[in-house]
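J.: So the protein lines, in turn, are chains H and U.
So the first sequence is residues 0 to 432, counted in numbering that gives the first Met the number 0.
So the second sequence is residues 0 to 432, counted in numbering that gives the first Met the number 0.
Any given hint might turn out to be false.
Because identical chains cannot be distinguished in the list, a pair is counted as satisfied if it fits within a single copy or across any two copies.
[To be verified] Dumping the calculated EDC-like pairs for lysine to aspartate or glutamate here, alpha-carbon to alpha-carbon at most 20 Å: (1) Lys405 / Glu424; (2) Lys404 / Glu424; (3) Lys425 / Glu342; (4) Lys405 / Asp415; (5) Lys425 / Asp327; (6) Lys405 / Glu342; (7) Lys404 / Glu342; (8) Lys404 / Glu418; (9) Lys425 / Asp415; (10) Lys404 / Asp339.
It is worth saying that the hints were derived from the structure and are not from the lab.
Number of protein chains: 2
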Amino acid sequence: MNVDIGNALASVASPGVSRESLERLDDQVGDAHERIERGMADAEHGYEALNLPQRTDPTEIRAAVEPVADAETLLTIGIGGSALGAATITDALAAESDTEAIYLDNVDPAWISQLLENRSLENTAINVVSRSGTTAETLANFLVVRDAFESAGVDWTDRTIVTTGESGPLRNLSDRHDLPSLQVPDGVPGRFSALSAVGLVAAAVCEHDLEALLDGAAAEAETLSGSLFECPAYAYGATAYALDQRGAGINAMVPYAESLETYAEWFAQLWAESLGKDDLGQTPVRALGVTDQHSQLQLYRAGPRDKLVTFVSPGELADRPIPDTGVDELAYLGDSTLADLLEAEFEATEASLAAAGRPNVRVELEGVDEYELGGLLYGMEAACVLAGELYAVNTFEQPAVEWAKKATRGLLGGGDFEEADAVAEKTELRIER
Amino acid sequence: MNVDIGNALASVASPGVSRESLERLDDQVGDAHERIERGMADAEHGYEALNLPQRTDPTEIRAAVEPVADAETLLTIGIGGSALGAATITDALAAESDTEAIYLDNVDPAWISQLLENRSLENTAINVVSRSGTTAETLANFLVVRDAFESAGVDWTDRTIVTTGESGPLRNLSDRHDLPSLQVPDGVPGRFSALSAVGLVAAAVCEHDLEALLDGAAAEAETLSGSLFECPAYAYGATAYALDQRGAGINAMVPYAESLETYAEWFAQLWAESLGKDDLGQTPVRALGVTDQHSQLQLYRAGPRDKLVTFVSPGELADRPIPDTGVDELAYLGDSTLADLLEAEFEATEASLAAAGRPNVRVELEGVDEYELGGLLYGMEAACVLAGELYAVNTFEQPAVEWAKKATRGLLGGGDFEEADAVAEKTELRIER
Numbered sequence: 000m001n002v003d004i005g006n007a008l009a010s011v012a013s014p015g016v017s018r019e020s021l022e023r024l025d026d027q028v029g030d031a032h033e034r035i036e037r038g039m040a041d042a043e044h045g046y047e048a049l050n051l052p053q054r055t056d057p058t059e060i061r062a063a064v065e066p067v068a069d070a071e072t073l074l075t076i077g078i079g080g081s082a083l084g085a086a087t088i089t090d091a092l093a094a095e096s097d098t099e100a101i102y103l104d105n106v107d108p109a110w111i112s113q114l115l116e117n118r119s120l121e122n123t124a125i126n127v128v129s130r131s132g133t134t135a136e137t138l139a140n141f142l143v144v145r146d147a148f149e150s151a152g153v154d155w156t157d158r159t160i161v162t163t164g165e166s167g168p169l170r171n172l173s174d175r176h177d178l179p180s181l182q183v184p185d186g187v188p189g190r191f192s193a194l195s196a197v198g199l200v201a202a203a204v205c206e207h208d209l210e211a212l213l214d215g216a217a218a219e220a221e222t223l224s225g226s227l228f229e230c231p232a233y234a235y236g237a238t239a240y241a242l243d244q245r246g247a248g249i250n251a252m253v254p255y256a257e258s259l260e261t262y263a264e265w266f267a268q269l270w271a272e273s274l275g276k277d278d279l280g281q282t283p284v285r286a287l288g289v290t291d292q293h294s295q296l297q298l299y300r301a302g303p304r305d306k307l308v309t310f311v312s313p314g315e316l317a318d319r320p321i322p323d324t325g326v327d328e329l330a331y332l333g334d335s336t337l338a339d340l341l342e343a344e345f346e347a348t349e350a351s352l353a354a355a356g357r358p359n360v361r362v363e364l365e366g367v368d369e370y371e372l373g374g375l376l377y378g379m380e381a382a383c384v385l386a387g388e389l390y391a392v393n394t395f396e397q398p399a400v401e402w403a404k405k406a407t408r409g410l411l412g413g414g415d416f417e418e419a420d421a422v423a424e425k426t427e428l429r430i431e432r
Numbered sequence: 000m001n002v003d004i005g006n007a008l009a010s011v012a013s014p015g016v017s018r019e020s021l022e023r024l025d026d027q028v029g030d031a032h033e034r035i036e037r038g039m040a041d042a043e044h045g046y047e048a049l050n051l052p053q054r055t056d057p058t059e060i061r062a063a064v065e066p067v068a069d070a071e072t073l074l075t076i077g078i079g080g081s082a083l084g085a086a087t088i089t090d091a092l093a094a095e096s097d098t099e100a101i102y103l104d105n106v107d108p109a110w111i112s113q114l115l116e117n118r119s120l121e122n123t124a125i126n127v128v129s130r131s132g133t134t135a136e137t138l139a140n141f142l143v144v145r146d147a148f149e150s151a152g153v154d155w156t157d158r159t160i161v162t163t164g165e166s167g168p169l170r171n172l173s174d175r176h177d178l179p180s181l182q183v184p185d186g187v188p189g190r191f192s193a194l195s196a197v198g199l200v201a202a203a204v205c206e207h208d209l210e211a212l213l214d215g216a217a218a219e220a221e222t223l224s225g226s227l228f229e230c231p232a233y234a235y236g237a238t239a240y241a242l243d244q245r246g247a248g249i250n251a252m253v254p255y256a257e258s259l260e261t262y263a264e265w266f267a268q269l270w271a272e273s274l275g276k277d278d279l280g281q282t283p284v285r286a287l288g289v290t291d292q293h294s295q296l297q298l299y300r301a302g303p304r305d306k307l308v309t310f311v312s313p314g315e316l317a318d319r320p321i322p323d324t325g326v327d328e329l330a331y332l333g334d335s336t337l338a339d340l341l342e343a344e345f346e347a348t349e350a351s352l353a354a355a356g357r358p359n360v361r362v363e364l365e366g367v368d369e370y371e372l373g374g375l376l377y378g379m380e381a382a383c384v385l386a387g388e389l390y391a392v393n394t395f396e397q398p399a400v401e402w403a404k405k406a407t408r409g410l411l412g413g414g415d416f417e418e419a420d421a422v423a424e425k426t427e428l429r430i431e432r
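The shape of chain H in the complex, shown without the other chains:
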């Protein structure tokens, strides 16, 4: 990816960051980069994620999925980091694959029933992903899906791939039934696992080019260096951090390609769960160009000065001409294509924020393909790790979600937890119809 931070400069926007401040910040970036390099070299928890382009073996993943290579539908059962990286890749490249990739990342019973209804399960494969093998949502959904396969008379053991840790219920299950299985790599938090088996099994079933994904990531890794002015990923991370310090507590991620909508969701988890701690962290907002120009642009341009808007320009798109109308008022459309219109809207929206002094950054891809996606995912992960160093938070933990997990378990009779008791003590002030 390339990054253009011109519209985040103090000469353009408020909040903005001056060139002098960027120079000063670059000293911190140099120190942070040393820390990151050390973490990578020592395969430390979290930092190890940045080694994945070298560590991941695409041949092993392809071999594991071979038994279900014929699948017309792939149901990936996972939640959070166990789903979003994979979904980002298969959604971005959906037009290139004959396999439909579906993600069961919620436990809504009506929705699950609808997804399973009228589906030919003989042609469906299951990809269940949970490091611990005990994630309540994932296991519940897996049990429901397994049951549906049994009811349909389809042997689920022929159609299931497991990605999990070294031990735990899913590992035991996989051993018992001799299922093809892959390992969630050590030291890699879920939200940083897109470039491991966690993110690549689905891509492999959909026959995407795993080598190109990893190569694109590796090329991005090559740019990591001690200066934000030489590394697009660090330029992004440092600029986002600097703007947050100056009042832009919100980061709206706006890709200008429908196929990158899931990428914005992946980014939102990466950014929120990594940096949202110690009362710090930018709040990610996922949006979509051009759709959200008709929804969020008014606020971005004229609301509080608390936002960085990050545009992702997808580069060249397959195109489609706009037929002529014969209507005078619309004649200007008739000479154009949909891609021209999309590009003009992107440039116009970017300029409209700059004209209103609202900071924005452009992330540029050269198309939406495996190589570029690998670079984008790796680049944003590196940006996030850098930002974590600048905030001085523990980027790779997510302690605040434990409370609700215990409360849930307690509420369902899975043990004695004081958190579950707190639920009953809710303060009420109800206004009823």
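Following the hints, put chain U in place on chain H, whose structure we already have.
T.: What follows is chain U alone, placed relative to chain H:
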């Protein structure tokens, strides 16, 4: 809808609003309600939206869609308020309909091509929606779709319904071809038009109960009164406003039903475009329970104290038991259903925010059906109008989006606009791979 603001009280959360402050704020609510009532009585621009439950004629809408009642797929071509209200309804109720409702609300050529490819256009109907009849994205998509119908040898004039204003290119087209057409009501901005033909044509084609939608909205209208303590909609609007004033500049909308995901998008437009002006307005964030517990909860619980989290509890759901595993660690799931799990996760997440002193509000539905949806849409519109009065902004305009529209037009050769010139003058600071 019912609303519980207990977890937004200062005794629970920080920022929070004390009971005394709520009492004081209630005086402002009384004044604002008088203003709103006057606007409704005089059918003033914008306020007129709150009269829709009485004004909208479901019989007229059903008659208009009769020629395409057999459609297996409905392509609605519209953007922003011309799509999101309709999509909220048909997505929420998708399980009840045999007609698939698809929304063309972006101009991405690859995506459009994929949507049209392999689709049987004989069984497809078109619903094109634009008040002005000149919205660039909508007209471009309509021209592309019309062309695809012609290429497939299907007469688009037999399969198209138009919803537009009194005049303009779409009105002319509809007159020329004698298409079934409906009118975007006067005085109703797009984002407030869900309960007019704009939102209900798609619902009618999908055979949802329009009367129940309007009845639910009318019941919500009955609650509008001079006190937030007697009106759920005003309680919500006033609490969100008060929390914003106290530092919660972000409003995360989190429905706990997959079918309400689009509702969160609709809300995001309503809130952003109505209140985001004069450097004011809360930034809406769309999220989804339980999925986003594994993505955003860490930030919501431990990040900056700048958020209100709004939960939507869907009430009773169709259910599905979780089969037993035989695994000790997961035994607690085997006695439960997916709905039990969803409910426990909802209560646990709500309590986990309260335990961390983070303000949240619960909006309660009694199921996801037409009546409840009508109430939810109307309630949130009334909440937004009230908040607009409290902020003293012009709730019903969106002037900040004009700049980019002019620039787009200029860039495509549709006239001389200085905004287009500004695009070329972009400040660059590029960091390349």
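J.: None of the hints should be skipped; say for each whether it holds.
T.: Against the structure, the hints:
1. For a Cα distance limit of 20 Å, the shortest separation of Lys405 from Glu424 inside one copy, 16 Å, qualifies, whereas the shortest one across copies, 55 Å, does not.
2. Proximity of Lys404 to Glu424 under the C-alpha cut-off of 20 Å is restricted to the intra-copy arrangement: shortest distance 18 Å within a copy versus 51 Å between copies.
3. For the homomeric pair Lys425 and Glu342, the shortest alpha-carbon distance between copies (15 Å) is at most 20 Å, but the shortest distance inside one copy (50 Å) is not.
4. In this homomeric assembly, Lys405 and Asp415 come within 20 Å of each other (Cα to Cα) only inside a single copy, at 9 Å, whereas the closest approach across copies is 62 Å.
5. For the identical chains of this complex, Lys425 and Asp327 are neighbours neither inside a copy (62 Å) nor across copies (31 Å), given an alpha-carbon limit of 20 Å.
6. Taking the shortest Cα distances, Lys405 and Glu342 sit within 20 Å of each other only across copies (14 Å), while inside one copy they are farther apart (48 Å).
7. When the C-alpha separation of Lys404 and Glu342 is checked against a cutoff of 20 Å, the pair qualifies only between copies, where the shortest distance is 13 Å, while the shortest distance within a copy is 44 Å.
8. In this homomeric assembly, Lys404 and Glu418 come within 20 Å of each other (Cα to Cα) only inside a single copy, at 9 Å, whereas the closest approach across copies is 51 Å.
9. For the identical chains of this complex, Lys425 and Asp415 are intra-copy neighbours only, at 18 Å inside a copy versus 60 Å across copies, given an alpha-carbon limit of 20 Å.
10. Only between protomers do Lys404 and Asp339 lie at most 20 Å apart by alpha-carbon distance; the minimum there is 14 Å, versus 48 Å within a single protomer.
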